[in-house]
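Enquirer: Chain order of the listed sequences is A and B.
The numbers in the working numbering rise by one with no breaks, and the one at position 55 of the first sequence is 55.
The numbers in the working numbering rise by one with no breaks, and the one at position 88 of the second sequence is 88.
Calculated from the structure, these hints are not laboratory results.
This list has only true hints and no planted wrong ones.
Derived DSSO-like pairs (lysine-lysine); straight-line CA-CA distance at most 27 Å:
{"hint": "1", "chain 1": "B", "residue 1": "215", "chain 2": "B", "residue 2": "96"}
{"hint": "2", "chain 1": "B", "residue 1": "124", "chain 2": "B", "residue 2": "96"}
{"hint": "3", "chain 1": "B", "residue 1": "94", "chain 2": "B", "residue 2": "124"}
{"hint": "4", "chain 1": "B", "residue 1": "215", "chain 2": "B", "residue 2": "94"}
{"hint": "5", "chain 1": "B", "residue 1": "96", "chain 2": "B", "residue 2": "233"}
{"hint": "6", "chain 1": "B", "residue 1": "96", "chain 2": "A", "residue 2": "154"}
{"hint": "7", "chain 1": "A", "residue 1": "160", "chain 2": "B", "residue 2": "130"}
{"hint": "8", "chain 1": "A", "residue 1": "154", "chain 2": "B", "residue 2": "94"}
{"hint": "9", "chain 1": "B", "residue 1": "215", "chain 2": "A", "residue 2": "154"}
{"hint": "10", "chain 1": "B", "residue 1": "96", "chain 2": "A", "residue 2": "160"}
{"hint": "11", "chain 1": "B", "residue 1": "215", "chain 2": "B", "residue 2": "130"}
{"hint": "12", "chain 1": "A", "residue 1": "181", "chain 2": "A", "residue 2": "8"}
{"hint": "13", "chain 1": "A", "residue 1": "154", "chain 2": "B", "residue 2": "130"}
{"hint": "14", "chain 1": "B", "residue 1": "94", "chain 2": "A", "residue 2": "160"}
{"hint": "15", "chain 1": "A", "residue 1": "154", "chain 2": "B", "residue 2": "124"}
{"hint": "16", "chain 1": "B", "residue 1": "96", "chain 2": "B", "residue 2": "130"}
{"hint": "17", "chain 1": "B", "residue 1": "124", "chain 2": "B", "residue 2": "215"}
{"hint": "18", "chain 1": "B", "residue 1": "94", "chain 2": "B", "residue 2": "130"}
{"hint": "19", "chain 1": "B", "residue 1": "283", "chain 2": "B", "residue 2": "40"}
{"hint": "20", "chain 1": "A", "residue 1": "160", "chain 2": "B", "residue 2": "124"}
{"hint": "21", "chain 1": "B", "residue 1": "215", "chain 2": "B", "residue 2": "233"}
On the chain B side, residues computed to face chain A include the following (Cβ under 10 Å):
{"hint": "22", "residue": "73"}
{"hint": "23", "residue": "77"}
{"hint": "24", "residue": "78"}
{"hint": "25", "residue": "101"}
{"hint": "26", "residue": "130"}
{"hint": "27", "residue": "161"}
{"hint": "28", "residue": "162"}
{"hint": "29", "residue": "181"}
These figures come from a predicted structure and were not determined experimentally.
Even for Gly, the Cβ is constructed at its ideal location relative to N, Cα and C.
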Amino acid sequence: MTEARRIKFMSFSLIFGFFLMWEVLCIVLNVSDLVLPRPTEIIATLWVKFPILWPHILQTLYSTLIGFVLGVGIGVTLGVLVGTSRVAYAVAYPLLVGFSSIPKVAVVPIFVLWFGSGTTPAILTAMVICVFPIVVNIATGLATTEPDLEDVLKTLGASKSEILWNVGLPRTMPYFFASLKVAITLSFVGAVLSETVASNRGIGNVMMTASSNFQVSLVFAGLIILAVLGVVLYSFFSFLERRVTGWATRDTDIAIT
Amino acid sequence: MDMKNNIIAEPDAVRKPTTLPRRSAVDLQAASVVFGSGEKAVTALSPTTLRLDAGDFVALVGPSGCGKSTILRLVSNLIAPSSGVVLVGGREAKVKALRIGMAFQNPTMLPWLTIEQNVMMPLKIVPPFKHSFRQDRKGAFRDRVHALLAQVGLAGFANHFPWQLSGGMLQRSNLCRALIHEPDLLLLDEPFGALDQFTREELWQILQDLYLDRKPTVLLVTHDLREAGFLAKRICVMSARPGRIISDEAVNIPQPRDIGMIYSPEFVEMTQGLRELIAQVRK
Ligand SMILES: Nc1ncnc2c1ncn2[C@@H]1O[C@H](COP(=O)(O)OP(=O)(O)OP(=O)(O)O)[C@@H](O)[C@H]1O
Ligand SMILES: [Mg+2]
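Next up, chain A with everything else stripped away, as it sits in the complex:
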């Protein structure tokens, strides 16, 4: 068994062991279904309710991804504006850090006030929550580009935009993809949160409704769906990061064509 496979096997065992322990403890301690349902019950609920849950899953993914795409667009634009100008970077950076430390969930009630409940506030929350990490990372990546690398193009008489395309942006990619991993998770959290508060669709809303009806195993089923979706989204961007920015971690497998 290779090292990588052993690690995979071990983390799989850990997850399996966790659920096994949960199951056993619930039985041994005789925990009520209303407090903490057993994993087997949750899986059963998930299986039975899946056709009903499916549209909600799509809804949550939809809000997350639309918000994320908008957030990335805005984030990259702002990041490039701030990062390419020394003055803008010095002036705007403290402001950005300040903004990004505001708990963004606080904007949900405002969006509900403006746009009513539904998909719009979920998308907007997903967007707002993921903009700042992207702006900060793009700006930092651009502003810290080694002058030596830019000099190579300057001696060739390259224009500002050629330098940005050929040096600044590629060099910023590792920062950008690192921030995408964080951003997609944040967007997902934002969308679910907004659904919980103000929507009649989406996994967040399903969990909220189930909770008020004491369908405890459905609440946990929702939780498991969220966990799986979160891992899938994160893994996708993590995979993308390794493919695109392998040079930064010196992956040898991208080298020989």
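Based on the hints, put chain B with the ligands in the right spot on chain A.
Expert: For chain B with the ligands alone, coordinates are given in the frame of chain A:
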């Protein structure tokens, strides 16, 4: 060669900036460089006057830190002179009247590009190549890069990333990147510093052939006096920091030169003379 008389040349600063009598490729007129200001100001280059006619091959030697790289940065317009004038191709340096190829002292390959892509970069940026870059990409340009890489002994490394190459190999890629777009003005900053003697001599010959073939103007910074003597038509010696040019001598040996020449008595005598001169100015 009579170098002693030239040591006490008239101070460069005294000469007035002149307008061009002849076509010059590089013309530094009392150009100086001061980094920083006030208390922390560092004079990197005393007012220096240096002129290269089109097709000249000048070697610049001098003790470490005397401002050789600074002169190259002036000519390539990476920095502006604090005083004086820098003309390239008869125009201000920032106009970029000549097509410049520069090999930096540290081979700064872009780490996200393969060697092939790195060497191809000038073709993507510099006219007229940039206009046909998209169409040509897979064909002619690529063959050209591969041919040049093969010439410096890097065949088979085109698809490697910079961090997979040794220091000397990087330096050779760096040289290729400076040459690929057939520059009119070649600025080489210790391009063979990290190479063994045999590879170095091989590359001297390649550079000499290339020079005699296309006759670009070359400004070569080096610490190797034999390298300077073998390649250059003129050798300029700089004083210790803050440097200025204290000797400017022609090398009166017809080109092409044979590598065996560097062991001839006249050549050894010439490099000895230069050596003594630098030994004096280091103090
Ligand atoms: N960006 C900078 N800021 C301040 N001082 C600098 C800067 N760049 C160079 N210098 C100073 O200018 C002087 C000349 O530097 P330069 O790089 O031209 O030397 P050099 O002749 O190329 O030396 P070497 O042979 O070691 O490469 C040095 O003493 C250095 O301290
Ligand atoms: Mg130097």
